[in-house]
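Asker: With the hints as extra help, turn the sequences into a complete structure.
First to last, the protein sequences are chains A and B. So in our numbering, spot 461 of the first sequence is number 461, and the numbers just go up one at a time. So in our numbering, spot 239 of the second sequence is number 239, and the numbers just go up one at a time.
It should be emphasised that the hints constitute simulated quantities derived from the structure, not laboratory data. The reader is advised that the hints may include incorrect statements.
[Said to hold, decoys possible] Straight line, CA to CA, 20 Å or less: simulated EDC-like cross-link-like pairs of lysine to aspartate or glutamate:
hint	chain 1	residue 1	chain 2	residue 2
1	A	K675	B	E239
2	A	K94	A	D561
3	A	K728	B	D241
[To be verified] Computed spacing ranges between beta-carbons, pair by pair:
hint	chain 1	residue 1	chain 2	residue 2	range
4	A	T211	B	N153	52 to 58 Å
5	A	T394	B	N153	37 to 43 Å
6	B	N153	A	R338	52 to 58 Å
7	A	A80	B	Q253	50 to 56 Å
8	A	H474	B	N153	47 to 53 Å
[Unchecked claim] Short, incomplete list of chain B residues facing chain A, as computed with Cβ under 8 Å:
hint	residue
9	K107
10	P109
11	P112
All C-beta atoms in this analysis are idealised placements derived from N, C-alpha and C, irrespective of residue type, glycine included.
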Amino acid sequence: MLSTRLLSLIPLAALILAAQPPPVAKPKPAARKPLAKPPAKPATPAPDPADAKIAERTARLWSLQPVRKPEIPVGATASANPIDAFIADKWREKGLHPVGQADKLTLLRRVSYSLTGLPPTPAEQDAFLADTTPEAWAKVVDRLLASDQHGVRWARHWLDVLRYADADATMPAANGIHYWRDWVIAALNKDMPYDEFVRAQLLGSRYKDHTTVTATGYRVKVPGPQEDAFALGFLARAALTSDNKEQDLALNTVETVSTAFMGMTVGCAKCHDHKFDPIRQRDFYAMKAIFDPLVTRTVPLATPAEIFANGKATEAYRKKKEPLDAAIESMIAAHRERLYDERVAELPADVQAIIRKAERLRTPAEQKIADDYYPILRIDASKIKEVMTPEEVTKYNALLKEQTALTRPPALASFVTVEEDSDRLKQPTYILDTGDPMRPMKDKPVQPGFPFQSATVDFREGRREGFADWLTAHDNPLFARVAVNRIWAWHFGEGLHRNTSDFGVLGSTPTDQKLLDYLASEFVAHNYSMKWLHRAIVTSDTYKLASQVDPALAAANAQADARNSYLWHFRLERLEAEPIWDTILSMAGDLDDSIGGKSFSILKPDARRREALPAEPANRRAAYMRRGYIPSTDVMANFLQVFDVDDGRTPCPIRTQTVTAPQALFTMNDELVEKETVRFADRVLKEANGDVKAAVPLAFRYAIGRPPTPPETDRAITWLDNSPDKLKGFAWLLVNLDEFIYVR
Amino acid sequence: MNSSTLDKTALSKLYPCGKVARRRFLYQAAGGFLGTAISSLWAQESTGDAGKLAAARLPGEPKAKSVIYLFMCGGVSHIDTFDPKDNKFAGKLMDAVGFGDNLAEMKRPVIPCLRTFKPYGKSGIPVSDWFPEIGGVIDDIAVVRSMFCHQTNHFPAVLEHATGKPLRQFEHPSLGSWINYALGTANKNLPAFVNIGRPSSPVQLTGGYLGASYAATPFQTGDVPIPDLLPPTSSRSAERDRQMQLLGELNRQFREDYKLESDIAARVKAYELAANMMLKAPAIVNFATEPDHVKELYGIGQKETDDFGRQLLLARRLVENNVRFIQICHAGGGNGSWDAHDDMKTHGPLCRAVDKPIAGLIKDLKQRGMLDSTLVVFTSEFGRTPWSQNTKGRDHNGLGFSSWLAGGGVKGGVIEGATDDVGFKAVESPHYISDLQSTVLKQIGLDYKKMDFVLNGRPFHLVEEGNGPITKILS
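Answerer: Here you go:
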């Protein structure tokens with residue numbers, strides 16, 4: 001016991017403890033036995049007539065059939081990239097004609113935003129234009145994938161799906177949740193294989209082996225890398241201290257895990273068997289049972305020195321506070337007692353009798369009555385003040401003032417993780433009537449499990465372990481398909497299967513299942529390397545197609561594919577909120593691109609009354625801008641909402657792209673634009689050695705990644721009239737160009 | 001269009017040439033791309049888009065063109081305002097079975113109502129001394145004394161009130177965004193759904209699964225009614241006008257290259273609307289043209305009523321500009337200031353802050369002949385209990401409370417429904433909060449049964465409970 005307590009003082013050791021169930025740290029001799037036999041299966045239930053329907057649905061749904069790597073089509077393209085072969089094959093099949101390739105600077109801007117979310121600098125533009133070797137493009141891609149900013153960009157995509165939020169009602173994990181975000185950034189930067197990426201967030205360990213046998217014959221948990229403890233922020237984020245606080249961690253996790261990693265909307269099965277997909281209500285709650293034993297736990301992250309210093313400060317605070325508390329109490333105790341007695345005496349005799357009983361002597365019914373009367377019998381300070389003499393009130397107020405003047409030492413850094421609670425592990429899970437946690441159907445207990453579960457799954461090494469093994473198995477038909485499709489969609493604006501979070505019946509079928517399956521099997525063969533996939537995609541000819549379409553070509557292709565499902569041109573994409581913010585700052589040379597740390601808020605102090613946060617610099621990448629939802633107060637800046645950022649309460653697979661007047665008002669009038677355009681003007685003027693004419697091409701290159709055309713140069717120079725003062729207005733203009741906000 | 005809304009003085013600060021500059025600005029904001037379209041826009045500016053729920057439109061001309069929805073955040077005590085009870089139960093402990101999720105016996109002390117009521121108008125409807133001014137216009141008002149909802153705490157009840165759903169299992173939209181979605185806008189210069197004042201919860205503004213574009217646009221009184229509406233002072237000059245011209249020129253090639261993209265066409269429109277709002281919205285919040293006697297009517301210039309009076313005058317001006325649904329949240333943020341647990345006295349200043357402005361609004365609408373086509377609704381998320389929690393205040397009460405309606409085809413001077421003797425539960429013609437929504441929908445020309453939206457193959461309905469419009473109060 002003592003050793004455990006000492007351990008918890010050491011933060012990293014504590015994290016290891018948190019990452020796995022506790023008994024492992026020091027197995028007792030009694031625990032020495034081989035891995036337990038699988039629990040005896042409950043008596044085989046009577047065959048469910050619905051089973052046949054489920055089996056039939058399972059056999060029919062495309063996404064549940066095994067992934068078979070298709071042959072690469074031949075003869076449709078000269079490109080060596082298999083992606084192009086599949087795409088060109090579709091063009092051939094549909095009679096489509098593609099547009100030509102985009103020019104070099106268009107491509108550089110496109111891929112820079114794609115891979116890092118930042119615009120290419122003029123120096124990067126020069127270097128790429130100057131490099132005429134065949135490897136020039138590959139070099140750019142390698143440079144961008146090696147940049148730390150790559151993880152920041154792609155973490156934002158994944159965290160949209162994994163419903164990251166800095167605040168959500170009274171989310172217990174809010175303090176320190178950003179360590180999970182930073183873990184995701186680091187994982188993507190080091191190209192953690194996707195199966196490890198998912199496993200770590202479900203188990204707190206990326207490793208495949210969950211247990212091992214020691215030399216002396218104990219079976220022990222294999223600890224994951226210490227940092228993977230932060231990955232559990234994914235599960236901890238699900239807990240909400242609301243009315244159903246006991247169950248929302250598990251309920252929310254089931255919905256997020258199934259949507260994000262399985263591409264299935266099991267949420268429908270919360271209240272009834274799924275109307276279309278092979279998912280029963282029982283499956284939903286079986287999956288819930290996997291996460292039901294989890295509880296949140298706060299882990300200190302401070303150093304021992306900080307903890308000791310904090311202890312000292314707390315002690316000093318208490319020493320000052322205690323005598324004040326005592327003085328206040330001695331003033332009010334007698335009054336309170338008298339008022340309380342008077343109040344009790346007014347109650348009906350039977351109630352009085354109950355109230356006067358000691359709590360442990362009351363029956364449950366009596367206790368309920370006593371609880372009902374608690375508010376009636378509560379004696380508040382205001383009531384006591386009413387019966388005090390004026391002198392007493394003055395003295396009392398003075399003491400209170402002194403008491404509130406004392407400030408408690410600030411809380412130490414901490415992180416909220418999850419762990420399995422041994423009591424909850426023993427409790428059965430029930431189907432909930434209409435999903436209401438207050439209405440468990442006691443006649444319908446369920447065993448841990450999940451939809452599409454095969455007969456071979458066992459939970460001997462733990463419930464989550466059994467589920468994670470199935471989920472991340474090479475032969476799981478959903479796992480790689482869903483991931484590959486998401487990454488594709490984040491590059492092209494739409495997935496090969498359009499509904500990136502619905503691989504069920506209502507999600508329809510993929511536009512190009514062969515290509516999807518080819519990429520899924522290659523993804524597995526390349527050990528789930530996400531950077532491999534990025535490279536394969538952005539080095540394809542398909543990715544390099546122009547976005548501009550000649551009307552004649554559009555007319556010719558309109559019949560077969562008016563909406564460009566087969567990618568005969570690149571889709572024009574509106575930049576998301578984060579790259580817009582980052583570009584405005586970076587062109588002014590004002591962007592702080594340091595990685596990770598607490599989220600920042602740009603809300604005005606009056607708009608966050610109850611969320612008092614210290615003023616903070618607001619020139620970091622927008623990936624770190626505070627988001628979330630609290631019913632009673634604003635959390636998210638108007639800017640994020642205007643540019644379609646979700647509040648992180650539910651998984652957001654693809655952001656909607658609205659085009660609205662408030663967006664125009666932001667780029668026209670916001671104070672960020674005002675401030676940064678001043679700096680931007682200074683910067684280009686300085687870099688052009690004070691020559692306004694020379695500043696023009698530089699400004700274009702910073703803002704939209706290309707030099708101006710001759711007519712654009714002429715117009716700009718005429719407008720500027722050689723006046724440095726007008727450069728700010730010119731910078732404003734660049735931010736308001738359509739081309740600024742669109743990636744072509 | 002009302003001439004007062006195009007206030008020359010306000011415009012001249014921004015664009016020295018007034019109307020001419022405005023036209024040019026519009027043309028330039030659109031970059032000349034829609035040049036011809038804009039001149040026609042100028043000519044017929046009061047036509048907007050037709051909405052997405054043609055099937056839900058009721059036949060005939062709707063009674064109301066606009067709705068002003070006054071929401072008192074925190075829960076107004078009906079017992080102390082519009083639903084008088086004698087004090088014979090005061091001081092007694094009453095059995096609060098059915099309160100909240102409490103099914104067992106629970107005793108609470110009834111506290112006396114300290115207000116005095118008197119009958120007002122020809123109808124003689126009693127109103128408490130907290131609302132003498134509203135009493136003065138009671139003959140235009142239908143008081144519904146039998147409202148109820150299921151939730152008993154603020155956020156769930158506000159949610160229920162805004163969306164018609166007691167739980168937020170899906171991203172349900174609020175009433176205003178449903179109306180926006182169904183009917184579209186009646187003008188091109190302003191949004192169709194506007195919120196004024198701080199709400200209890202962002203859920204009162206949300207477009208939910210209908211989409212962000214149907215959400216409320218928050219307006220505020222003061223010089224800048226919408227965030228980012230005006231350029232920072234340093235950039236407010238004729239210079240901006242010239243910038244817009246160059247912007248149009250520099251956008252031209254890109255817009256030519258991508259003329260097939262609907263997004264780019266939408267962006268042109270977005271800049272147009274933004275420019276229109278920049279020009280029009282400042283004039284709407286500029287009250288310089290309002291005569292003093294009108295400002296006096298709303299209590300503008302008097303300390304207690306100035307804030308709310310300005311918000312209501314702004315609401316009237318938005319109605320004149322064909323804004324469809326104007327929601328005004330009073331004393332919001334957190335639980336809302338009407339949440340009088342500790343002492344009913346805290347209602348006093350709040351009542352004084354809204355009484356005169358609301359009566360002023362009704363009188364002003366009436367004198368302008370606008371009351372018949374403008375539906376005014378007064379409500380809060382729930383009422384308050386007859387008893388206290390050992391304080392001088394009252395607890396939340398969803399089982400019985402009062403809302404009232406005026407104008408827009410509503411009969412004046414009538415009372416609908418009743419609560420029990422002590423004011424706890426609605427017992428006579430109880431109306432679920434959806435009935436209030438159905439009534440609003442009917443008056444604005446929509447069939448409450450057809451307010452549907454299909455999300456992922458699953459149909460959602462705005463109204464799922466209740467008895468439909470409260471026809472007894474409709475003329």
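Asker: Decide, hint by hint, whether the structure agrees.
Answerer: Taking the hints in turn, this is what the structure says about them:
1. For a cut-off of 20 Å, the pair hint linking K675 of chain A to E239 of chain B stands: about 17 Å separates their Cα positions.
2. For the given pair, K94 of chain A sits about 8 Å from D561 of chain A by alpha-carbon distance, which is consistent with the 20 Å threshold.
3. For the given pair, K728 of chain A sits about 14 Å from D241 of chain B by alpha-carbon distance, which is consistent with the 20 Å threshold.
4. Remark: the range hint 52 to 58 Å for T211 of chain A to N153 of chain B is contradicted by a beta-carbon distance near 46 Å.
5. For the pair T394 of chain A and N153 of chain B, the supplied restraint of 37 to 43 Å holds, since their beta-carbon distance comes to about 38 Å.
6. Restraint check, N153 of chain B to R338 of chain A: a C-beta distance of roughly 34 Å breaks the suggested window 52 to 58 Å.
7. A hinted range of 50 to 56 Å is violated for the C-beta pair A80 of chain A and Q253 of chain B, which are about 35 Å apart.
8. Checking the proposed 47 to 53 Å range against H474 of chain A and N153 of chain B shows it holds: the Cβ atoms sit about 49 Å from each other.
9. Among the interface hints, the one on K107 of chain B holds; its C-beta lies about 7 Å from the nearest C-beta in chain A, closer than the 8 Å criterion.
10. For P109 of chain B, the suggested interface contact is upheld, since its CB lies about 6 Å from the closest CB of chain A, less than 8 Å.
11. Look at P112 of chain B: its Cβ only gets to about 16 Å from chain A, farther than 8 Å, so that hint breaks.
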